[in-house]
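Undergrad: For this one, chain A is given, so just place chains B, C and D on it according to the hints.
Residue numbers (this note's numbering), protein chains in the order written: chain A, 4 to 292; chain B, 4 to 292; chain C, 4 to 292; chain D, 4 to 292.
These are calculated hints, taken from the structure and not from any lab test. Fair warning: there could be bad hints in the mix.
Unchecked claim - Each computed DSSO-like pair below joins lysine-lysine, with the alpha-carbon atoms no more than 27 Å apart:
| # | chain 1 | residue 1 | chain 2 | residue 2 |
| --- | --- | --- | --- | --- |
| 1 | C | Lys287 | B | Lys274 |
| 2 | C | Lys287 | D | Lys287 |
| 3 | B | Lys287 | C | Lys287 |
| 4 | B | Lys287 | C | Lys274 |
| 5 | D | Lys287 | A | Lys260 |
| 6 | A | Lys287 | D | Lys260 |
Bear in mind the structure is a predicted one, so any value in this text is a computation, not a measurement.
Protein chains: 4
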Amino acid sequence: MPDSAVLLIDCPDRRGLVARVSSVLYEQGANILHADQHRDEELGLFFMRVEWALHVSSGNGAAFDLAAFRSAFTPLAAELEMNWSLTSSAQRPRVALFCSRYLHCMADLLHRWYTGELHCEIPLIVSNHRDVEPLAAFYGISFEYVPVTIASRDEAEAHELDLLALNAIELVVLARYMQVLSPRFVAHYPSGIINVHHSFLPAFTGARPYHAAHSRGVKLIGATSHYVTEVLDDGPIIEQDVARISHREQVEDLVAKGRDLERVVLSRGVKWHLERRILRYGNKTVVFD
Amino acid sequence: MPDSAVLLIDCPDRRGLVARVSSVLYEQGANILHADQHRDEELGLFFMRVEWALHVSSGNGAAFDLAAFRSAFTPLAAELEMNWSLTSSAQRPRVALFCSRYLHCMADLLHRWYTGELHCEIPLIVSNHRDVEPLAAFYGISFEYVPVTIASRDEAEAHELDLLALNAIELVVLARYMQVLSPRFVAHYPSGIINVHHSFLPAFTGARPYHAAHSRGVKLIGATSHYVTEVLDDGPIIEQDVARISHREQVEDLVAKGRDLERVVLSRGVKWHLERRILRYGNKTVVFD
Amino acid sequence: MPDSAVLLIDCPDRRGLVARVSSVLYEQGANILHADQHRDEELGLFFMRVEWALHVSSGNGAAFDLAAFRSAFTPLAAELEMNWSLTSSAQRPRVALFCSRYLHCMADLLHRWYTGELHCEIPLIVSNHRDVEPLAAFYGISFEYVPVTIASRDEAEAHELDLLALNAIELVVLARYMQVLSPRFVAHYPSGIINVHHSFLPAFTGARPYHAAHSRGVKLIGATSHYVTEVLDDGPIIEQDVARISHREQVEDLVAKGRDLERVVLSRGVKWHLERRILRYGNKTVVFD
Amino acid sequence: MPDSAVLLIDCPDRRGLVARVSSVLYEQGANILHADQHRDEELGLFFMRVEWALHVSSGNGAAFDLAAFRSAFTPLAAELEMNWSLTSSAQRPRVALFCSRYLHCMADLLHRWYTGELHCEIPLIVSNHRDVEPLAAFYGISFEYVPVTIASRDEAEAHELDLLALNAIELVVLARYMQVLSPRFVAHYPSGIINVHHSFLPAFTGARPYHAAHSRGVKLIGATSHYVTEVLDDGPIIEQDVARISHREQVEDLVAKGRDLERVVLSRGVKWHLERRILRYGNKTVVFD
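If we strip away everything but chain A, and leave its shape as in the complex, we get:
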């Protein structure tokens, strides 16, 4: 996969947006690979994602001039009141993984990263338990053990924030990390913490969702990946999936079946975030496919 640039836009909707954005791209010589847009009619908002090649695959091989594009695009973006970001796949985002004792999501993410499915750097793994240490060592990633008690949470979080800053982390992934993060911590990464919750949100928020699902007698269980906000299990949903269960299955069977759901929804959420496919707005996400 050759290097590419991604432009993400959200702005008030008005006529001619696609024409004006695509004209600038055309004039700058962009060879568009994918483009998608969306309108939220209720809110009058427009969203767009464009991806184009940074090197022409054939011919003289001249590279696309990102700086020139940025200069040409900035006044248009200002005129149209855009929130926008321009990223190059040449820069791989730096990600930290947090977990507690359950390692199925962690093992899954690390294997996907190792085989190139997740386009990022993973310089840091943090846990309040030591179980993940051998796995971190196997993949050559720094492991930091940060135990947390109710009394020590503030101190622990301060230490974690230092570690994240030191490693220039852009995205924190909570791969079954069983500690609730403080609003203060969340505020440091306003759009950069992805969590997996082991239920089909908004059903069964909080602790022990598989027990709650079993007790309610549902016929499907689910898992959800979402951005973390100050309100527990209430952030913008990125992905959800479900599996059928029967009366024969006890809570431990739900837990086992749920692990496969958790792996899938979390890894998809992380992958889409890294590929700049997700736009947050209000408490929702647009996920361009």
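TA: Leaving out everything else, chains B, C and D in the frame of chain A:
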């Protein structure tokens, strides 16, 4: 499909239950078609469903003697503290269908009934609107128009209960009937009212669940068929299903997609009830497949 | 839903296509509701679907001038070697439904049409059996009984083609029509015959696919809607879906479960065709969502 | 999970089978945890799986006497012409994993085994490439590198069979092993080789199924786990699953999405085999849930 008998049992779990029940069936000459059992270990309960042929397909063609079986089984059932029911497929349950203005579930159930997929009689359709009248006429089913206002609910329900009694109805199916039934009404059919709710319960109980789902930004929508209890949208769940949605879909798209889910979960729930596949216990169901 | 126009394009891929098309739309004052595009990199093809409002919802309410747009767009389309079509939702496509004895797809399509879910006219129902006649009468649609034998096929098809011509039919939907159409018939509607096949194509082509699925011991059954071509069950696939089965299910259970799949994949295929969401190329489809 | 015994039976169907089997279990004092049975009416066959506890959880804790049960059951089994097996969970089956260069299934199986989800020993990993070596070392499993060429296949297989015999292997799992095994090899493990094929069988047998699926334009891709027989991709199917794809996805996207399907269907197949849930008959499986 030849006539068959179904025996449904729930009782305290103890050793030897299957041996003792199947020995009686063997001694009485039952030719078993399907048998299934389930233990709820937490509650110490045992559930069983056995279905056997009422006529031997070959040989002298002697019919199975249901009365003799009942006599032989009664003392065993008493000794083992069983709740049990014995039904013959020769008796088709009598069902009433209730609806309001949306007719997709109604049209679906009627077509399935007409083609023999639902093994029952449908002598009565009740609605607080007249939209369903032509459909009822097409299928030759009595239609009763019972308008309901807040002021007239008690009177309307009394009239409906009269109609149900007059038609010897055993099962009431709420096929998108938009009135909340009173506890008094529900108490007349303690295990005989099936409803479809247009969400993945327990998420989005109450009114306008598709609006709530759209507002929360979920990535899957669902529908649920369940037995009606005194508490709204809280009865034992029979069946659930979900469909994937994207940011492109507005509330009206969710409503349209949801109709297909509602049809499927309601018709399955009704079919399984009619085939005596469902055992209720606590606020759950065992559905034998 | 207010009236809208849909522009469908396929052409050789080149830079600037989106910019040029959207500029014409902008200049002509189009208020775009949805736009989507796709590139097939292997084949070097570009596909685009744009939908815009024909009446401005607020303000002076001036209608969009489709004829003026057509004039402005034609030279661009010629220059860029486009295949293109421009349709207005004010013109509802005319559809004929064919069936044999199984009526579940027919009943489903007719109910969806009646409630406005399918945006078309249905002036004609054709069958080689009389079973569908009451349903046709209920919905007020002309029914034509055209029996077919091996000897009479040519004559029967000639009669059917006359009926289709007489009714100005644009789309033929085979809703479990159990006769194989001749290449001559198919050639009259090169992109206008949709069929449902009761398997997950390309597995189990031909007759009795549920028997074949049961015999092979698959764990999921499927259904497929597709455009009809000269080669049986080989045309471009529009939609597919599957359902899980178990060893407990006999062929007749597969048939019953399959009916729900057939209804869903066929109705989606027809709906998407009517909404001009489908572009055929080679033996495939692009379905814009 | 305490130790348990599993009895698997298949035999000609006749009346009273459940009564007679469960009576012996009752007389021997078995505390049944799960029991399930199935009849294939076409073939006149009966299948049964019973699982019971080997230690009573409360009271004097006397162990169930498996040898006494075997003695009591043997004459009944002979009389009723049963094929049967009796296994104790105290003996963990010995499994060998084969792979080539793709390691996603391997990494997944190893993690599941490590966390106790797969109830077996894994003394041996075999590959015709060295890629898996670090993973084998991490989990402390012997790795054997056995390169294969067309010329050397016989010799390589002879070496592999020696390794399997030396390690007393009962089950061979082909976790994306890209070599076709000879009939001679397969004959050594007539019911003991599980493979994953990356398509929804019987569609797209043979090489490069994702390319074939892309070329045919299907809307869902699948994966299948099955027992290996002499005929390639034709053995009894254990489990299948599918995922939705769109026109936007290229072959490499299908490959990536398919990896998640392959992991799930293979790990389920292996788990069910280890839990003695699968009965093979003809070219099919009964999978008791």
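Undergrad: Check each numbered hint against the structure and report the violated ones by number, ascending.
TA: As far as the earlier hints go, 1, 2, 3, 4 are violated by this structure, in ascending order.
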